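K.L.:
Given the coordinates of chain A, work out where chains B, C and D should sit on it, guided by the hints.
Residue numbers (the numbering used here), protein chains in the order written: chain A, 18 to 603; chain B, 108 to 220; chain C, 129 to 451; chain D, 5 to 379.
Please keep in mind that the hints were generated in silico from the structure rather than gathered at the bench. Keep in mind the model is a prediction, meaning the values are calculated, not measured. Errors might be hidden in some of the hints.
[Stated by the list, open to error] According to the in silico footprint, chain B covers these stretches of chain C (three or more CB under 8 angstroms from chain B):
hint, segment
1, 144–158
2, 189–201
3, 207–221
4, 417–430
[What the hints assert, rightly or not] Simulated pairs of lysine-lysine, BS3-like, Cα-Cα distance not exceeding 25 angstroms:
hint, chain 1, residue 1, chain 2, residue 2
5, D, K306, D, K330
6, D, K57, A, K539
7, C, K243, A, K265
8, C, K182, C, K269
9, D, K115, A, K265
10, C, K329, C, K182
11, D, K333, D, K241
12, D, K120, D, K245
13, A, K539, D, K58
14, C, K443, C, K267
15, A, K557, A, K454
Glycine included, each C-beta is placed from N, C-alpha and C at the ideal position.
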Amino acid sequence: MAVDEVPIPKLDYTPQTIPEPEPTPEQARTRRNYLNHTTSVLSWLLTVDHKRIGLMYLVAVTVFFLFGGIAAGLVRVNLVSPHGAILELDQYNKAFTAHGTIMLFLFLIPVIPGVLGNFFVPMMIGAKDMAFPKLNLASFYVWAIGASFFLWQLIVGGLDPGWTLYPPYSTKYSHTNVLYAGLGIFITGFSSILTGLNIIATVHKMRCPGMSWGRMPLFIWAMYATSVIQLLATPVLAVTVTMAAVEKVFGVGIFDPTIGGDPILFQHMFWFYSHPAVYIMILPGMGVINEVLTCFSRKNIFGYQAVAWSSVGIALVGFLVWGHHMFLAGQGYYLGMVFAFLTMLVAVPSAIKVFNWTATLYGGSISFPAPMIHAIGFIVLFTIGGLTGLYLGTMGTDIHLHDTYFVIAHFHFTMVGGMMFAWQAGLHFWWPKMTGKMYSDFWSRLAAIVMITGFALTFLPQFVAGFQGMPRRYPNYPPEFQVYNILSTAGATIQGFGYLMPVFYLTASLFFGRAAGNNPWKATGLEWQVPSPPDAHNFKDIPEVYFGPYEYGVPDGLRLVADGHLGKKAVHANGAHTGAGVTNGS
Amino acid sequence: MDHDHHPKTDVHTEEAVVHDVAAPGPTFVAFFFIVTLAALALFVGFSDGLGPWKLTANLAIACVQAGILAFYLMDLRQADKVTWLIAASGVFWTSLFFLFTLTDYLTRYLGVL
Amino acid sequence: MAANVNGPVAHHFNNMGQQLATVRMGMWMFMATEILFFGGAFCAYAVYRLMYPKDFEAGSAALNVGIASVNTFLLLFSSLTITLAIRAAYTSRTKALGRYLCLTTLLGVAFLGLKAREYHMDYEEGLIPNVSTLSPEAKEKHAARMAALAAEGDRLEAEAKTKSGSEAAELRERGIELKARAAQPPVAFNENVKVVLSHNKAFKGRPLDEQTYDVGTPSAANAHDYDPFKVQLFFMFYYSMTGLHVLHMIIGVGLLTWQYVLTRRGFFDHNARFVYIEVMSLYWHFVDMVWMFLMPLLYLTGPHTAGEAIEMFKKSVGMTGGH
Amino acid sequence: MFAAIDLPTVLPPQASEFARQYDLLFYYITAVCVFGGGVVYALLTYCCFRFAKKEGVAPQRILGSTKLELIWTIVPLIFFLTFFVWGARLFDVAINPPQEAKDNEFFVFGKQWMWKVQHPTGERENNAMHIPVNRAMKVTGTSEDVIHDFGIPAFRSKFDVVPGRYTSAWYYPTKEGTYHLFCDQYCGQGHSQMVGKVHVLSQSDYADFLAGTYRRQNPDGSFPHPVDGSASWRGRKLFFKLNCISCHNKESSARAPSLEGIAGQERAVRDDAGKTINIKASDEYIALSIRVPTKHVRDGWKPIMPAFSTRQVGEQELRDLILYIKSLKPGDLPSRNEYTPAPVGGSVDADSLSQQQNPNPIPMPPQPKKEGGTK
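So here's chain A without its partners, still in its complex pose (with noise of 0.2 angstroms):
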């Protein structure tokens, strides 16, 4: 194929010291890192390291994870029989609203940034710390205090308008919690602002030197498109939740009918946000796909600078986008026509990327280990979500499929499918470097092709279903689409148990798994370069980086560098010549 040769660049410069060897176990053992160099409860709890703030995040959204497809689990049961198998009425409005709410807000929101964000945002631009860290453990306590509040209202007696929460129903005749569950949405919403305003501050910056926007992994440049998006958007929901509650409270309304409200208008300010939001959940998740791509193909990304921009792209136009949600809504036709159009463009930078992740693969030398299969999971079912969603960006056919369950498949395909996957492969690929263990290569192999067929399985025959017309949020249905719904409930299953296993073998490793060494992937990522786990301040000097972040080229890059191949003496394939004594044990 047509490629623009770009040489490997030569080193005009002297590097002072070839990199440390592996640790002997000794070392290994011995050596204090950020995990045990203190270890009172209240120095993890007070902690301002952005590395233990990422783990608790970690516990945390794993915790709201389950609680979540518990609730899930409890629809999908209860869709077994056309007449609802287990559930009344208003425990399954209940059961899907807890299914939305705790997932969106309390999972594929904070989950990647707060975990992954958190965590390696620093390490892999050579920064010692956020550039906020009183500011980032607040915002993990913000969090949970907005948590708390969702936990409450489900305690209670729980909230049945759905995540969306229109009016009138969410303000006038839901008798549910809705107030909790708006305190609950400001709240986390307020803490996805901090942690957005931080990740942009680090990476404006707190860059080691040679660490310029063209060299930045492109996690990194999808992190901080979703940290753009998580700053301008969110606020906007926040008002709105304001104002839905002030309009509870005092009983008469901004958005009530009955006395010249438009609950129109939630709507457009709803979805300012919540559309913005499916891209805080995906592109971090496109983000952590290009590191794992690269790492097992060993290859450099194909088109840098497309990838990097679609990012940036796609949080830009994103922002525009939001009225595809509203069509039917009674919302101004050539308003909507806008609104498809420039649905339609941003389109386009989900399609680059995935064309550029399969260019990547090309001329590689392709390994398969689980954070792999993952991202190969990744690329395969968010090709359909991507796709279809094309069908309800477009005017025409989104007035047969809004609200039905061909809605529900497309969500899922890019948030589960695309996302979840891309978390399970950021996990499984960054664990060593966070815990130190590897982990069992034949259970989360095992576990990806488990989670991708129960998935398929779960939410294909949802599109049928959604063609045919069943609405969402039925608890009960015609019973010509039983079939479909126990083919899904029997996917959920699979996935269900696909979910759980990384739960059993992460925690095995922690006990019984075998150290993994500094950079078991041979990876170029700068968080490689240093010891696993890292120690408390990541770098004991400041890293410099010579060269772009995915030079797998060089063909096995470490061990030929060494020899002198790049220049007179050793620098890491990323061109990262970490400085004297970060890998030994202290």
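P.N.:
For chains B, C and D alone, coordinates are given in the frame of chain A:
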């Protein structure tokens, strides 16, 4: 990607960490204008002369006030590009929200029903 | 300038320049967020302002523009003092810094005090939808109106007896309708707001419900005729938007007080720490800016007169014994 | 629970002109997507196998290709834009009814949790809509409480029903039959019960429906009672309410004559003078024998029927009764102990019809337990 192999150390240069403390003159002048404009706004608000244009006029005045405030009192005039970018993006996105939402209400009944 | 900056550099920064620039940038980003936050509310307001201009002007006419005007200047002056504070901090004149911070805090507190008084008066006048009860004056006015309606109803029915055929039926219908209307319970807020508006000399509107239902033929349409329910809508915006602004003010005053204490403790003797004052001043300026827009949108759209404003303010601070 | 799983058709019925146009676009998009996705998957599979890790094979160093980037930016964009243009035109069709549709305007009221449909002629029905085939019609809707959505998959049509506003859609039904009517916008506890049937009738049947005498013959040849919403249906309800059924019923006990198929028949009756005469059972006759039963008593029956004055049966009600009695064909009279009237929502006939007409009836879901149900 760029291939100069000399590490960029941009973020490490000692940039102008302190806005040069201009003589208080400009500050007071700016403040004087702001207060005058505020008074003008009140005057317009209390007079019935402009009729329907009253709100428009007052909003225009408010914009000027805000501009002066940001430019002189918040030292935006000395700020670096990134700061400008951030401030601009805040205003820009808000205006986008206004643009699209209001478009809906202004065009909603064209050609439909 | 940078040369004589001294102060501790946080562990994760390489030098003071990086640290200060980062903090400053963080604050600006936070303000971009705030712009969107208030922008959302303003946009919602704009939508309804376009839908119901007259009713919103009526609502605005019912607000206490006197207090608002004074508050405007209080806030502007506080904006000046905080600017002087940061100038002082730049040149590490901590004494002056302390003075200016103190002054700013006091101005902020004064603003909040007046605002509290304004809310209290709204409460007294019964301008809180679905919460207020009929104010005494509104009660008697409403009672009188309903009595008139009922009397008119009786008169029509009596008259109907003298007539015959369709004419009689018509009269009877109308009479029954009027009496039924007279029996309806009042919407407290609507009646109260009518009373408040009747006190505003500059305002010449009549409530639409009285226009359509009351005795006699509807008078010629007036530029300011309003629907009380839409006025409720306006008041929802009034409370939520000023409420959010007040919330920001309270936070700001808290931070100012805290920084004042820090100043006294010599925290800012490291002049590198001026950046905290600086971001504080940015925040405070922003709150000021929001008020600049709230003023015309909420208070100044409706018809008011300067005299009325002064009168209102006097009444608010108790210089006169009410009307 | 798994007892009867009806194997469905993969594609929904295509019962309106719009549905035809819709499916064209739908299949076009599907074709493009299958092709595009296919290309990606093919490349993916190829790479994964061809470039799987081998000893001694070094990965190539490829940084990208501006030409390729341009290709896979522009080509998808072009296709997407065709979707957009076609889709916008289709939407334009969907929201701009032709004049004849505007002249034939139905109205729906959404309400937690039922649909009230009003015909242009003022006929009303609940959770069911009888409409003529091959005739353009417009549906305008509004809601009494929350946002609902009036969706008919067979017509590929759907629109949100918003409180305080009028929204609308229009159909040109092309195929007779009974189709689903769904509420697609979540509206609370009974959301999934806010469903009904759309009956597309032939023009003549629709005329009968408006006349109040529409009967649809079931496949088994039997005639069900009149359809919900028609005048004779109201009459039937009265027939039960006034306890006519206790004497005039299928069992045709010894107390009263059967009323089946008497319309227009010559009947031998005794007038109050006691002499037998023949009278044609006209509307007037039926009315008289309800108002003053003893005036003409059917030969061989005792004059035991109570009289129903205008206070018990208003003139309009009487009219409904007459229409019902006239509509009775042999074997129609209900049995004495049959239960009616139809529960609100699931009208008896809508179900009994759907049982035979449509293999997939909407099941009656468990009724909500708690309050907040029917307002």
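K.L.:
Would you mind marking each hint as holding or not holding in the structure?
P.N.:
Each hint tested on the structure:
no., hint, verdict
1, 144–158, "holds (count 9)"
2, 189–201, "holds (count 4)"
3, 207–221, "holds (count 7)"
4, 417–430, "holds (count 9)"
5, D:K306 <-> D:K330, "holds, 23 angstroms"
6, D:K57 <-> A:K539, "holds, 14 angstroms"
7, C:K243 <-> A:K265, "holds, 24 angstroms"
8, C:K182 <-> C:K269, "holds, 23 angstroms"
9, D:K115 <-> A:K265, "holds, 21 angstroms"
10, C:K329 <-> C:K182, "holds, 17 angstroms"
11, D:K333 <-> D:K241, "holds, 17 angstroms"
12, D:K120 <-> D:K245, "holds, 23 angstroms"
13, A:K539 <-> D:K58, "holds, 16 angstroms"
14, C:K443 <-> C:K267, "holds, 22 angstroms"
15, A:K557 <-> A:K454, "holds, 22 angstroms"
Checked against the numbered hints given earlier, the structure satisfies every one of them.
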